[in-house]
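Enquirer: If you read the protein sequences in the order shown, they are chains A and B. Every number in this note's numbering is 2 more than the matching position in the first sequence, counting from 1. Every number in this note's numbering is 827 more than the matching position in the second sequence, counting from 1.
Fair warning: there could be bad hints in the mix.
Subject to a maximum C-alpha distance of 30 Å in a straight line, what follows is the list of computed BS3-like cross-link-like pairs (lysine-lysine) [said to hold, decoys possible]: (1) B:Lys938 / A:Lys59; (2) B:Lys938 / B:Lys926; (3) A:Lys73 / B:Lys926.
Footprint (simulated), chain A over chain B, 3 or more residues, beta carbon under 8 Å [claimed, not checked]: (4) 839-846; (5) 926-937.
Beyond 12 Å from chain B on every Cβ pair, some chain A residues (computed) [as the list claims (entries may be wrong)]: (6) Lys11; (7) Met21; (8) Gln39; (9) Asp40; (10) Leu45; (11) Asn64; (12) Tyr66; (13) Glu75; (14) Val90; (15) Ser96; (16) Gln104.
Simulated from the structure, these hints should not be mistaken for laboratory data. Where a beta carbon is used, it is the ideal one built from N, C-alpha and C, also for glycine.
Okay, here's what each chain looks like letter by letter:
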Amino acid sequence: NAGVTQTPKFQVLKTGQSMTLQCAQDMNHNSMYWYRQDPGMGLRLIYYSASEGTTDKGEVPNGYNVSRLNKREFSLRLESAAPSQTSVYFCASSEASRQETQYFGPGTRLLVL
Amino acid sequence: GEDVEQSLFLSVREGDSSVINCTYTDSSSTYLYWYKQEPGAGLQLLTYIFSNMDMKQDQRLTVLLNKKDKHLSLRIADTQTGDSAIYFCAESMDTGGFKTIFGAGTRLFVKA
């Protein structure tokens with residue numbers, strides 16, 4: 003039982019390049035989330051998927067797209083990376099029950115030059 | 828709007844108690860959480876409290892909730908150097924679906 007896994011762990015991009023961050027969970031959770039973490043700003047929700055087949059914007063969706071490929075996998079795509087997207091990205095999942103503990107992956111550290 | 832606020836830093840000596848405070852704005856919170864983030868890792872749930880409770884104790888951790896003042900605290904007794912981490916307060920709300928808002932995190936430094 004690996005929990006929530008993310009790939010890659012680190013990535014350096016040039017401005018304008020694209021990339022996809024992968025996330026998978028093996029806990030049979032309904033909901034999945036993508037956050038970014040910046041110093042002094044805590045976690046900000048980019049997109050979430052309440053259940054397979056649905057996705058919704060969070061607080062900071064601009065510049066990102068997501069795909070809920072199946073119940074296990076939720077990917078985050080940067081179509082044209084910008085330096086402002088330099089951050090640490092966390093994927094999380096939850097059962098979407100009333101007591102909504104979220105389980106986090108180890109994070110992807112992204113640097114956009 | 829919804830907001831969760833925490834102070835950014837706390838420094839304590841090893842063996843002392845640490846108290847990390849949090850205030851939130853939404854009165855429709857159902858659960859409140861404390862997560863811990865160690866360097867280079869994701870967040871892990873430490874403990875949570877249901878919004879109709881005042882206190883929850885779990886070994887060295889004590890959570891106090893003052894619903895009237897919308898104030899949540901986490902007390903760590905006998906703080907150890909291994910407790911050095913960032914602690915996030917979070918609240919979840921029943922908004923038709925469930926929504927969780929995280930604070931900015933409090934970085935706890937434990938001096939030996």
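Enquirer: Say whether it holds or is violated: A:Val90 keeps its Cβ farther than 12 Å from all Cβ of chain B.
Expert: Contrary to the label, A:Val90 does not stay out of reach of chain B, its closest Cβ about 9 Å off (not over 12 Å).
Enquirer: Does B:Lys926 sit within 30 Å of A:Lys73, going by the straight-line distance between their CA atoms?
Expert: 19 Å, holds
Enquirer: According to the definition I'm using, a residue is off the interface if its beta carbon is farther than 12 Å from all beta carbons of the partner; does A:Gln104 meet that for chain B?
Expert: A:Gln104 is in fact no farther than 12 Å from some Cβ atom of chain B, at 6 Å.
Enquirer: Far enough from chain B: is every CB of that chain over 12 Å from the CB of A:Asp40?
Expert: 10 Å, violated
Enquirer: Grab the minimum beta-carbon distance between A:Leu45 and chain B and tell me whether it stays above 12 Å.
Expert: 4 Å, violated
Enquirer: Taking only the CA atoms, is the gap from B:Lys938 to A:Lys59 under or equal to 30 Å?
Expert: Violated, at about 41 Å.
Enquirer: Hey, is A:Met21 genuinely clear of chain B, shortest beta carbon separation above 12 Å?
Expert: 20 Å, holds
Enquirer: Taking the closest pair, is the beta carbon of A:Ser96 still more than 12 Å from chain B?
Expert: 8 Å, violated
Enquirer: Run the C-beta distances from A:Gln39 to all of chain B and say if the shortest one exceeds 12 Å.
Expert: Per Cβ check, A:Gln39 is inside 12 Å of chain B; nearest 9 Å; violated.
Enquirer: Counting residues of the segment 839-846 of chain B that have a beta-carbon nearer than 8 Å to any beta-carbon of chain A, does the count reach 3?
Expert: Since three or more residues must qualify, the claim that chain A covers the segment 839-846 of chain B is violated, with 0 doing so at under 8 Å.
Enquirer: The segment 926-937 of chain B covered by chain A? Criterion: 3 or more residues, Cβ-Cβ distance below 8 Å.
Expert: holds (count 5)
Enquirer: When you look at the beta carbon of A:Glu75, is every beta carbon of chain B farther off than 12 Å?
Expert: 17 Å, holds
Of the hints listed earlier, those the structure fails to meet are numbers 1, 2, 4, 6, 8, 9, 10, 14, 15 and 16, in rising order.
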